[in-house]
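Colleague: Based on the hints, put chain X in the right spot on chain V.
Protein sequence lines correspond, in order, to chains V and X.
Heads up, the first sequence is in our numbering, so the first residue is 14 and it goes up one at a time.
Heads up, the second sequence is in our numbering, so the first residue is 44 and it goes up one at a time.
None of these hints come from the bench; they were simulated from the model.
None of these values were measured; they are calculated from a predicted model.
The beta carbon of each residue, even a glycine, is placed where N, CA and C say it ideally should be.
Be a bit skeptical, because a hint or two may be false.
[To be verified] Straight-line distance between alpha carbons at most 27 Å, and here's what the computed DSS-like set of lysine-lysine pairs gives:
(1) K280(X) - K330(X)
(2) K159(X) - K280(X)
(3) K323(X) - K159(X)
(4) K16(V) - K106(X)
(5) K106(X) - K42(V)
(6) K550(X) - K211(X)
(7) K218(X) - K665(X)
(8) K15(V) - K106(X)
(9) K323(X) - K422(X)
[Claimed, not checked] Some chain V residues near chain X, calculated using beta-carbon distances under 7 Å:
(10) C27
(11) A150
(12) S157
(13) D160
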Amino acid sequence: MKKLFINLERCFGCKRCELACIIEHSEEKNYAYYLLNQKEPKTRIFVENYLNRPIPLVCHHCKDALCISACISGCMQKDEKTDIVRNDNSEQKCVGCWMCILNCPFNVIDREMKNDELQAIKCDFCANREIPACVEACPNEVISVIDINE
Amino acid sequence: MEIKKIKNRPYDDITDYMYNVSRKDGMETIYERFLQQQPQCAFGALGICCTLCTDGPCQITRKAKRGVCGATADLIVSRNLLQKCVQGTVANVYHARNVAKTLLATGEGKSDYEIKEPEKLKSIAEKFGINPNKPIKEIAREFGKFFISQINSNDYEELELVKKLAPKKRLEVWKKLGIIPGGPNSEAATALSKIMTNVNNDVEDLLLHCLRLGIANEYTGLFGITTMQEILVGTAKPNEGKVNIGILDKDAVNIIMHGHQPLLAIKVLEKAREKKFQEKAKEEGAKNGIKIYGSLCEGQQIFNIASEYKDVFFGQIGNWIQQEFIIATGAVDALVFDYNCVMPTISEQFAPKYHTKLISTDKVIRQAGVERLEFEPDKANEIAEKIIKEAIKAYKNRGEVNIPELKYSAISGFTTESVVNALGGTLKPLIDVIANGNVKGVAAVVGCTTVREFHSGEHITKLTEELIKRNILVIGAGCCSSAMQNVNLMSLDANKKAGKNLASVCKSLSIPPCLSYGSCTDIGKIISTAIAIADTLNVDIPDLPIAASAPEYMEQKAVADAFTAVAFGITLHLSPAPPVLGSQLVTKILTQDVENLTGGKVIVELDPIKSADLIEEQIINKRKKLGLK
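Isolated chain V (complex conformation) (with noise of 0.2 Å):
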């Protein structure tokens, strides 16, 4: 079971997590495209400041994730074979009722406009790439993937 692994003491509050995780979850896959295109940069790890310390949030994908529990539509699934907890991956549909943001004890789930129609979004620990993005921007090597079965 893989897990994102954030190493504090090293994150500088620089954000590159937070540009390539736009950036790979963007049709354009270029920040300044996106941009020009006017869209609002939505990220799925968050820098925040904690302490006066830079600190990355992300998602835990959690064992019994209260995400899943309290998603009413039943798109929030937890993949069984990667553990990976995602809401866009399955037959049925978001339908914006954010229980989940509610629930979500890291506050690490945030809304965006998909085809009209505003849907949760969260870390779906990049699903078409080897290593996350955010893993790889990392400048620092704040963030890494461990597989916690190992």
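Modeller: Okay, now just chain X, sitting in the frame of chain V:
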């Protein structure tokens, strides 16, 4: 995402009161904007982010020890630092040039000003070969022209101003290092060429260039500003006045002169005396007529010479961080500003909300949608008249008024001459009290205020209180003076907070333990006092038991001033940490190695009490070397 610990609030009660008023009115202030910017990127804060070319931006990281071009952390840090130093220097020189232009125009009879200090002009002009027996206007014309030609001279011609005015011992040091500067604008242009992509990678050369600019900053900037302004509007004299936001009068048309260049303000003060304007203001319902106030450094400079204008000048309002809160009183009818330190939110958010009429008076500070009455030496009276008329018009648009009740007094107007006068014509009494240890030493606490490490003003206040408690005389300048005035440290009352020995010295001279030298551009006057003491004792500046501190430094002029201090051999404490810590080499040079070259160095400490420890230690070491106990 709101995981934020509220840390930053104004430190003093008056600003905090106005902060609450602004928040209640739904205004977003500098404190909210600071929080929204958190966390800020540490690559920038450490100085190891380079945005010069399109192969970048590059940062020096765990993975990357060089930028794409090959620049190391040391090079990126020193390039960035030199860039800031250039900006600070040219800004001070720009101000000096405006004053020189006015002096020249006055000499040519094309200005609304007279020569107020002819003797001062004669004595300085004589040093540069201008015959002091010529008519005074002719001297003004020649000196003004000479000064402008110095600003515009090339970097390969050593500045006459430096060669003639600098203390001999300093000149030797600078000559040895090869840092006697030429014309500042040319020096700046050369510096900017050096820091282009793929040009210079000699860190020492780049830092020495910072010192060159520091020296140019003093003589073609700070010194020129103070001297020529005094020639045109009079020399600072100690006088008592009221300070802080609480002095605004709800029953008067309030005009605030905000910025750094006091020449126009003097004309506004003179115009405000005219009966027709005072009557007109009263007709409009302002029963106390028109009142003029100063804010920022401009206010400090008016305050310095305010003994002549007590009937129309009603005091110094505050420092740069307070500007939004000043407007939020709703009692400011006109805010007239020249260059430097005007937040964009003043014209975009605060002035429209609180009815204030904005007028900009310098071409560099144009703001969209704000009326421009740009200063020309021969239009000062005309502009001053318009300003007053506009303020009276704006008075009618007032809404709710909220003025804090607290107000303090302060004494300002200290300068080398006035300190000498207060001491009975010689510096000897000051030297005696320093020698016998009643006054351990002198610390200049100068520069901006910031919201970074603490509430704005907190570091300044705590450090200053600690220094005077330890019998160290404090000289304030710039927004630091305002921060001290806001907590009543520049009045005679403050002697209660001073150590026993310092307090008794100050009481016997009827001066506060914190002397305001005026604006941030008056830092030149502090250096001239240090030179005068060193000359009297026949020692060099690094030998004196003095230190300087910029405990809440913020912008680029402070960087240039910092290098001025280091070039003059003064130990300078800085907080917040300057963006150099990403390079061990540059940090070591600035905090250690440079002391062997100029006698000055930088110390960085973010805690006010520990800062006081370091400054005291510095002063005690210097005392020991002089053979004082």
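Colleague: Next step is simple, just say for each hint if it's right about the structure.
Modeller: Each hint tested on the structure:
In summary, the hint linking K280(X) to K330(X) is not supported, as the alpha carbons are separated by about 31 Å, beyond the 27 Å threshold. A threshold of 27 Å between alpha carbons decides the hint, and for K159(X) with K280(X) the separation of about 14 Å falls inside it, so the pair holds. A distance of roughly 30 Å separates the Cα atoms of K323(X) and K159(X); the hinted pair therefore is violated under the 27 Å criterion. For the given pair, K16(V) sits about 22 Å from K106(X) by alpha-carbon distance, which is consistent with the 27 Å threshold.
About 24 Å separates the Cα atoms of K106(X) and K42(V), which keeps this hinted pair within 27 Å; it holds. Note on K550(X) and K211(X): the hinted pairing is violated, with a Cα-Cα distance of about 36 Å set against a maximum of 27 Å. Distance restraint check for K218(X) and K665(X): the Cα-Cα separation of roughly 24 Å lies within the 27 Å cut-off, and the hinted pair is therefore satisfied. Note on K15(V) and K106(X): the hinted pairing holds, with a Cα-Cα distance of about 23 Å set against a maximum of 27 Å.
Among the hinted pairs, K323(X) with K422(X) is consistent with the structure: their alpha-carbon atoms are about 23 Å apart, no more than 27 Å. The criterion of a C-beta within 7 Å of any C-beta in chain X is met by C27(V), whose closest approach is roughly 4 Å, and the hint holds. Taking 7 Å as the C-beta cut-off, the interface hint given for A150(V) is violated, the closest approach to chain X being about 11 Å. The interface hint given for S157(V) is broken, as the beta carbon of that residue sits about 12 Å from the closest beta carbon of chain X, more than 7 Å.
The beta carbon of D160(V) comes no nearer than 22 Å to any beta carbon in chain X, farther than 7 Å, and the hint placing it at the interface is violated.
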